[in-house]
Every structure is written in C-alpha cells, then in structure tokens.
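Residue numbers (this note's numbering), protein chains in the order written: chain A, 1 to 506; chain B, 1 to 506.
These are computed hints drawn from the structure, not numbers from a lab. All figures in this text were calculated on a predicted structure; none of them were measured in a lab. No residue lacks a Cβ here, since even glycine has one placed at the ideal position from N, Cα and C. Hints are supplied without guarantee of correctness; some may be wrong.
Listed next, the stretches of chain A that the computed footprint assigns to chain B, with coverage defined by at least 3 CB atoms under 8 Å from CB atoms of chain B [what the hints assert, rightly or not]:
| hint | region |
| --- | --- |
| 1 | 84 to 97 |
| 2 | 119 to 125 |
| 3 | 381 to 390 |
There are 2 protein chains.
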Amino acid sequence: MSLVHLATPRRAADGRAWPVLLGERALGESLQRWLHRSLRLAIASGKLAPGSTLPASRALAAQLQLSRGTITAVYDQLLAEGCVVARRGSGTVVNPKLPDDWRVSPRRNRSGDGGERGSTFEPRTSLARSVAQWGTPFPLLTNAGEQAPLTPHLCDFRSFPIDVWRRLHARQLRPSRLGLLGDAPAQGIPALRKAIAEHLAMARGVSVAAERVVVVASVQQALDIAARLVLAPADLAWMEDPGYPGARRVIEAMGAAIADVPIDVQGIDVEQGMSIAPAARFAYVTPSRQAPLGVALAPQRRQRLLAWASSVSAYVFEDDYDSEFRFNARPVPALKAADAADRVFLAGSFGKLMFPGLRLSYVVPPAALLPTFVAALSITARHPNAVLQAVLAEFIDSGELDRHVRRMRRLYAARAEALADAARRHWQGQLALPAAQAGLDITAALVDGTGDVDAARRLRAAGLGPRALRAYTSTRWMPCALVMGFAAFSEATIESAVRKVAQVLR
Amino acid sequence: MSLVHLATPRRAADGRAWPVLLGERALGESLQRWLHRSLRLAIASGKLAPGSTLPASRALAAQLQLSRGTITAVYDQLLAEGCVVARRGSGTVVNPKLPDDWRVSPRRNRSGDGGERGSTFEPRTSLARSVAQWGTPFPLLTNAGEQAPLTPHLCDFRSFPIDVWRRLHARQLRPSRLGLLGDAPAQGIPALRKAIAEHLAMARGVSVAAERVVVVASVQQALDIAARLVLAPADLAWMEDPGYPGARRVIEAMGAAIADVPIDVQGIDVEQGMSIAPAARFAYVTPSRQAPLGVALAPQRRQRLLAWASSVSAYVFEDDYDSEFRFNARPVPALKAADAADRVFLAGSFGKLMFPGLRLSYVVPPAALLPTFVAALSITARHPNAVLQAVLAEFIDSGELDRHVRRMRRLYAARAEALADAARRHWQGQLALPAAQAGLDITAALVDGTGDVDAARRLRAAGLGPRALRAYTSTRWMPCALVMGFAAFSEATIESAVRKVAQVLR
Numbered sequence: 001m002s003l004v005h006l007a008t009p010r011r012a013a014d015g016r017a018w019p020v021l022l023g024e025r026a027l028g029e030s031l032q033r034w035l036h037r038s039l040r041l042a043i044a045s046g047k048l049a050p051g052s053t054l055p056a057s058r059a060l061a062a063q064l065q066l067s068r069g070t071i072t073a074v075y076d077q078l079l080a081e082g083c084v085v086a087r088r089g090s091g092t093v094v095n096p097k098l099p100d101d102w103r104v105s106p107r108r109n110r111s112g113d114g115g116e117r118g119s120t121f122e123p124r125t126s127l128a129r130s131v132a133q134w135g136t137p138f139p140l141l142t143n144a145g146e147q148a149p150l151t152p153h154l155c156d157f158r159s160f161p162i163d164v165w166r167r168l169h170a171r172q173l174r175p176s177r178l179g180l181l182g183d184a185p186a187q188g189i190p191a192l193r194k195a196i197a198e199h200l201a202m203a204r205g206v207s208v209a210a211e212r213v214v215v216v217a218s219v220q221q222a223l224d225i226a227a228r229l230v231l232a233p234a235d236l237a238w239m240e241d242p243g244y245p246g247a248r249r250v251i252e253a254m255g256a257a258i259a260d261v262p263i264d265v266q267g268i269d270v271e272q273g274m275s276i277a278p279a280a281r282f283a284y285v286t287p288s289r290q291a292p293l294g295v296a297l298a299p300q301r302r303q304r305l306l307a308w309a310s311s312v313s314a315y316v317f318e319d320d321y322d323s324e325f326r327f328n329a330r331p332v333p334a335l336k337a338a339d340a341a342d343r344v345f346l347a348g349s350f351g352k353l354m355f356p357g358l359r360l361s362y363v364v365p366p367a368a369l370l371p372t373f374v375a376a377l378s379i380t381a382r383h384p385n386a387v388l389q390a391v392l393a394e395f396i397d398s399g400e401l402d403r404h405v406r407r408m409r410r411l412y413a414a415r416a417e418a419l420a421d422a423a424r425r426h427w428q429g430q431l432a433l434p435a436a437q438a439g440l441d442i443t444a445a446l447v448d449g450t451g452d453v454d455a456a457r458r459l460r461a462a463g464l465g466p467r468a469l470r471a472y473t474s475t476r477w478m479p480c481a482l483v484m485g486f487a488a489f490s491e492a493t494i495e496s497a498v499r500k501v502a503q504v505l506r
Numbered sequence: 001m002s003l004v005h006l007a008t009p010r011r012a013a014d015g016r017a018w019p020v021l022l023g024e025r026a027l028g029e030s031l032q033r034w035l036h037r038s039l040r041l042a043i044a045s046g047k048l049a050p051g052s053t054l055p056a057s058r059a060l061a062a063q064l065q066l067s068r069g070t071i072t073a074v075y076d077q078l079l080a081e082g083c084v085v086a087r088r089g090s091g092t093v094v095n096p097k098l099p100d101d102w103r104v105s106p107r108r109n110r111s112g113d114g115g116e117r118g119s120t121f122e123p124r125t126s127l128a129r130s131v132a133q134w135g136t137p138f139p140l141l142t143n144a145g146e147q148a149p150l151t152p153h154l155c156d157f158r159s160f161p162i163d164v165w166r167r168l169h170a171r172q173l174r175p176s177r178l179g180l181l182g183d184a185p186a187q188g189i190p191a192l193r194k195a196i197a198e199h200l201a202m203a204r205g206v207s208v209a210a211e212r213v214v215v216v217a218s219v220q221q222a223l224d225i226a227a228r229l230v231l232a233p234a235d236l237a238w239m240e241d242p243g244y245p246g247a248r249r250v251i252e253a254m255g256a257a258i259a260d261v262p263i264d265v266q267g268i269d270v271e272q273g274m275s276i277a278p279a280a281r282f283a284y285v286t287p288s289r290q291a292p293l294g295v296a297l298a299p300q301r302r303q304r305l306l307a308w309a310s311s312v313s314a315y316v317f318e319d320d321y322d323s324e325f326r327f328n329a330r331p332v333p334a335l336k337a338a339d340a341a342d343r344v345f346l347a348g349s350f351g352k353l354m355f356p357g358l359r360l361s362y363v364v365p366p367a368a369l370l371p372t373f374v375a376a377l378s379i380t381a382r383h384p385n386a387v388l389q390a391v392l393a394e395f396i397d398s399g400e401l402d403r404h405v406r407r408m409r410r411l412y413a414a415r416a417e418a419l420a421d422a423a424r425r426h427w428q429g430q431l432a433l434p435a436a437q438a439g440l441d442i443t444a445a446l447v448d449g450t451g452d453v454d455a456a457r458r459l460r461a462a463g464l465g466p467r468a469l470r471a472y473t474s475t476r477w478m479p480c481a482l483v484m485g486f487a488a489f490s491e492a493t494i495e496s497a498v499r500k501v502a503q504v505l506r
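Pulled out of the complex, with its shape left as it was, chain A reads as follows (with noise of 0.2 Å):
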C-alpha cells in the first residue's frame, strides 16, 4: 500500500491536506480502475468522510502523474455510481447523503444495543476487501425509487398469476405430502430437476437429463460457487465491457484480476479477448442478449469462444437471464447447445420469468464439474425450500410457466413498442432508441452531446430511472448512453416518462 498526500485542492473549506490510501495496483489493473477502487475503498471506509471535497481533476492528475482524462473518467463513475456529487462552484464532493449503513469498514460500531463496546474491522480476505471497496449493499441504487419509471432490469411482478401460486402451495402443503418438509438433496428435488431440464429443451435448445440440472437461489449464487471452484487468485477473468456490474463484484471477490473485453454489435469481442487476456480461466458472458447493450452473440463468435475456452481450458459461464422474452422471433438457442468439449455453466433464473422474489434458479455445470459443485454447494448453502421446489416443478409442469411466459411476452412487446413510439414523438435529436426485440430494456444513445452519467443524475433527480451506461463499465470509453427499462411499466407511464424525460434534457 502506497500512502498518497493529496494536495489540498483549492476550493477544500478546511484548507488541510487529506490523506488517502491508494492501494496497490493488481496484476494486469488499468490505471483508471486502480484509482476508482482506490477512492471507492476511501470512500466506503469512511477515509473520505460523506460531503468532503475531491481534488481538481487537473491538481490530481499532475500529483498522480496520470492524465486528466483519466481523473476525469473515474470521477464520472464515482458520478454514475451515486458516490460522489457534483457541485457547482465546488467541484466534485463525496456524496453527503450516502446511505449510513453504505460505508464499510473499518468503523466504530455505534449501534448500543447488546452492551458491545464499538470495534473495528479490518479486510484481510479477498472476499472482505472486494466489499470493502463496494460498499453496502449491492447495488447501491436500488433503494433509491427502484421502481421510478424506466428503471432498467425490472419485470411486471405485478401480473404474476399469485391465486394459481396460492393454489399450487395449498396443493403442496398438505398432510399427505409431510415428506416436502424432510431434508432434499443439495442439488434439487428430482421433480424440479426434471421440469427444468424440459423447460430447456423446450425454450433454450438445450437437451441435458435433469441429473446435469442444479437449482440453486439465484444465478449470482451459481456464479460465486463456479467461480470459486475454478479461479485461483490472480487468474484471469474475462468479463463484458459493458456488462452486469455484480457478476463484475463476485469475480472481483475470489481476488482474482479482470479483463475486460468489448462489445459491438456481434457481441463479445472474442479475437480482442484472446489478445488481451488468452491463458483467462474463465468468462462471464451473457450471450443471447448481451446486458447492458442487447445484442446477440454472433453464430462465429459463439464458435471462436468454445474454441478458443476448449484450447486453454478455460470456462465461460453463460448467464441466460432473460432471453425467453424475444419478441418477433424464436429464441436464440442458448451458448451451451452446442458446447461440445463441455466447458460452459449454464444458468438461468426464474425470478425474470416470475418474479423477483423466488429465489429459485438452475445451474447445468460442465458435466466434470458437476459432481464437485454439487458437493461445495452441498457443504455451503445446500437447496433452497423443497415445498417451494415442488411447487415451482408443477408450476412448470402444469403449462402455467409457458402461459405465463407467452402473456408476458406479448405484453412486454406492447410496451417495448409504446417506448418505441413514444420515443419517436419526443426524442428527435436527443436520444437514438434501437428496435427493441427482447428483454425487459433497452440501451439508447445521446445523441446531441449530453454526458451520460450528468443525464442519469438530472433524470434521478426528477423522479426517473433510467441509468447511464458509464455504470455498467470501468475502464473503457464508453459511448454516452442510457439503460432504460419498459417492462415494468404501463404504456401510460411510459408516455408520460418519455416526454418528462425529453424535457429534463432539454
């Protein structure tokens, strides 16, 4: 660790000069993420406390010896993040209404209650350091006005048939079925297993038997035991630039180093990965809709990336997370149909299908690493509720998932195309909207020179939810766009959003 003296910047009201302790550089770290991760940590410990000042750009980057643009990308992440606020007439000040619980460690405990005498804790794990550095809880915007219209990621919980899940679980909870409330086995109760291995058949072109099938709480919770069980520290990760800010963090967790590899209209850049990063062990990769920008991974790159995983045995999880909802067309069949030499995780949740508060999900591990994931989930969390197992199976096996899924679609597609038609009438100029043929959003581009992460502000600020893509990236230069959801929201919210939207960045 390095103890870096940073200059007073001038507009500081105190006039003293702060230390900050920027960490050390990991293996194969560009200088922007060092710096980031550097002044998260700060931040997220309290060393820098809520409402201080950052120094200029420009004082910062002559001390540092790094360029301004640089200083600058990061403070626009820090932006986007919500950590830090811009303030006019006073440069860039840690943001004062950090949420208290966000700030990490190490800290007083000042709770009181239970008589405990305040401690500390200091980071010694991979683990512990990588949250040290995110704060809490992941992520950070969520509880700010989750549900503000256009608000990326999020499904219509809302038209969940609940009276047929009532039924279901009153199906399941009956004195005949007291065998549900005995210990499972930690991989999934078989009828699960089995309706989830025809799901895949069915919607993703998958053909596995449902002993290949794993349910797990979520695909986050898959992600962290496959790459536990495959990344050493200080291997190489590729992951999506841009791409899902929490699959980022627990990869970041196992300490190891990631390689963040472009995206373009086919999808991951496969040839840019195997030059940047070719002995990688694993890859994180979101193939049939790539999150954030939507696209599709290209029938050659699909090859090249099981090639090129096949060569250097490496794995790639693929993170199938809402590709069901496509709306013109079938499907694409998911990356692990045509996994020959069997090196991809598939996982998939049905908290996108359903609803968010399931938990339930499945994993289809490389058939070599199936007998070992079961067992480190066997000896970590083990299974999620049987009766809650049992009642997804018949919720699958009864057609009601299809059902459910065909409505939504429909649904969702309307409302894709109300934004589409909305965005006709109001965004001329500002923002370019892509055709929307899958998911629950879509990312849009400014197109009259507004900043992304100045937009996602002004737009939070007025009750709006959209996010800039600056979030989902940490190192590159991004286009200035915005991830903005329409699933969630009526065609009449949609309208009135889009035409608030156009007047706050006008």
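Got chain A sorted already, so can you dock chain B onto it with the hints?
Chain B in isolation, oriented as in the chain A frame:
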C-alpha cells in the same frame, strides 16, 4: 506433492504395486490428518478404485515411517466414514459400493447427453481441493437409511403443523400482497428480522435490534460467508474435537488450517486452544449443547473464550443449533449474550425447530462486521424467498413457533426418557447412556471394549442409525462411543431399536 509407491499388500489380488499421490502436509497439520486427507483424495479421485485393497497397517507404517497406531486410526476413520470396508481375510479395501457420483475428480464425463466429449476437472482452488478430498455430497452417509432408527441429528418434522403453515401461506399469497413478489433487502425482510430479534430476546437471552439480524438460508451459509470474510488462506481456526463435520469442511474450504481443540465435561477446553493455537483468527463453537457430546460450555470457559477472542481479535462463530430443546430447565443463554467486545457471530436455524426442508436461518454478526456481511450476502446468494420469510414472521409473531417448540420439547423429553428406560433394561454392560437433558440426540459410551467404528458398521447393516463418535473427529484418540438420535422416533420404535442394538452388539 510427493509420489509414494506403496508396496503391494500381500493380500492384493492382482499383485501389482499401486502408487498413491500423497499431498503435501499443510502447515500445522497432524500426520494423521494428512494421511487421512491423502487417502480420501486418492479414493475420491479414483486413483484408489472401489474394491482395491489398502496395504496392511504394519507394512504402511514401516514404509511411511509412521507409528502403526496412526495408520490404524486413519483406517478406522475411513471405515467410520464408509469409504473403506474391512474384509475378513483380505484386510481393508475401498468400499466397492461407493456411490458412483461420490468420486469427484478428475474423472471422465460418461453422461453421454448433450453430445459433450469427455473432459476432466483438475482442482486448483481451496474450495475445489477441499471438495475433491471429501467427495460429494455432504454428508456421505445420509442417503443410505437417513431415517434408520436412532439416526442422530433428526427432528420430528412429521409432527409439524402443516395445516397452520398452509393457512399462513394462503394469507400471504393474495393479490393485495403482490409487493412481496418484488425484490427484498439482502438482509431479509424487516418483519422477519423483527420477529427473530424478539425470539432471540425471549428464548436466547440475547438483546439485539432487528437491524442487527441477517436472514440466511442456513447456518452453513452464514458460516461460509463469515469464514470467507475473516479467514485468509493459512490462517488458523479452532474447531471443536469432536465436532460437527460440516463446519470443519467449510473452514477447510477457505484454505485455513484447523486447530483441533479438545472437549471435556465443561465444553471446549479454551486453555488448550490457547496453548495449541493462541493466534487463531476464528473459532467455531456449539456452547449451548456441544455437538455431538451434548455438554454445555461452563461459565468460566465462556468468559475465557470471549477474553481470548478479544485479546487476539479473533471471531467466534456460535452455532446455536438446537438449544431451544432443553427438557428440565430453561435454555442456557447464548454466548452472544455476554459478548461485550463484539467478537461473536450468533447463528441459528429454524430447520431443527420446525422442519429441515424449510431452509431459513439467521445470523447476528458482530456489529462492526454487519455491513460487510450484508454486502457479501448481497453479491453471493442474496435473500431467500420473500413470501416464505413473511410466512415465518407470522408463524413466530402469532405464537405458533413457541407453541410448536413447547409441544416438541415435551415429545422429545418423553422419547429421551423412553430411550433411557430401554437402555437401563437392555444395555447393561454394553453401553453407558448419560441423562439426556436437551436436544435431539445423545452420545453413549461403549463400555465392553467394542470398537465404535465396527459397532456402527454392524448396526448399519442391521438397519440401525447410530454413528461412531470417530466420524466426528479427525485427529485425536477418542473414547469408543455411539451418537444416536431419539427425537424423530416413536417410543415403540426406540424400544425395539434398543433391543436390536443389544442383540447386534452382543
């Protein structure tokens, strides 16, 4: 790694020498644990195939320059775990009936579905190595005859009021409560955290605010996250010896070294722990009712343990697994109740109180670690099903949990008494049963010189569930004893099982 060519045992059928890859001894690892671990790994990886013969203990002792007692102790432990069997005339052989999916890695993919070519997985991380060494899933012996009479650690889930549980589900699964289908806080829904805090105050003498409580799927999950936050590779951790094997495996999976601390009538011997591993970072303990010996940690020992943890900044993980079932007295308060220095994680499960398939538990981390713990949970598994959390909150708030626990306490007390009574009549001179004052199981000493590993094997063959105490330890000399459960079996079943035990062991 050192490749040791073990001499062909005289009795081997094929007459060829077999090489066994014995791993490096870990820092602080005993010779016995090292040999046990290496042989387990050789069996799990298929290097020692089912049916193959192990060398005679005398020959192996000579070759490895170890005492013959060490070899015998390791063989006994493998016997207790069911990895090997003793054959009259051919010595110790790898269990020919090892479940096929028990062997972990590396192995060929023989599934054939999905068109995947065979591939292998070489463990490189501490989790993968730990899992590979132990086989899958945990615990090895549950599959075969889980419900065999006198199997330990089982509660009577068939007495759970499933009708009440169904009604509570029906009340939550209403269109007016659709909000429960949305995403919930990673820490758990406020209503359940409040209910748990009140339960802890009433039942465990621990006064903490709801904000301090974290909902998890299982104590195992809480232990996994706590250990990942606190234990860096090669750190030392105290484990009770004998102790719960599931906890041992999670801690080993961190790459940490385990210091086995002996148990006596006052519980874990803190002075011994301080002499064996004074600078340990973590201690796993079961203070209310030691698993599996059943003793409560004495008051002076509690003070010593907390003072030690505070002095070296270690964390104590208190697994409060079945303390509510205390038959003739009020439950002993949790260790956490005296945790003035904020060093204790208190974790407990509703699985044993209600039914094992529930998969809802709680943990109260040290206050200074709470935000870090919640952040780690938010990027790994996040929260269990939110409706289920609401149902459990109402089950607690309505007094149903208390009612059920009181009912079960009477039932289990009667069954403990039935066991004691039958033992008095049938086990004279064979087994010495202490008075069961709490919990679901009890450990009885074999007084006539019978070995516990052999006894458990013979009982298993006769359809009975007691386990050898040897299965709960990996390093020490242990008295020969059987761990047996009474809570899940009717008085008639207990009576006939006790009689059968006497016959089998005669």
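We went through each hint and held it up to the structure:
Closer than 8 Å: that is the beta-carbon criterion, and the region 84 to 97 of chain A has 0 residues meeting it against chain B, so the requirement of 3 is violated. Here's how the region 119 to 125 of chain A fares: 6 of its residues keep a CB closer than 8 Å to some CB of chain B, so the rule of at least three is met and the hint holds. Check on the region 381 to 390 of chain A: 8 of its residues sit with their Cβ under 8 Å from a Cβ of chain B, so the three-residue criterion for coverage holds.
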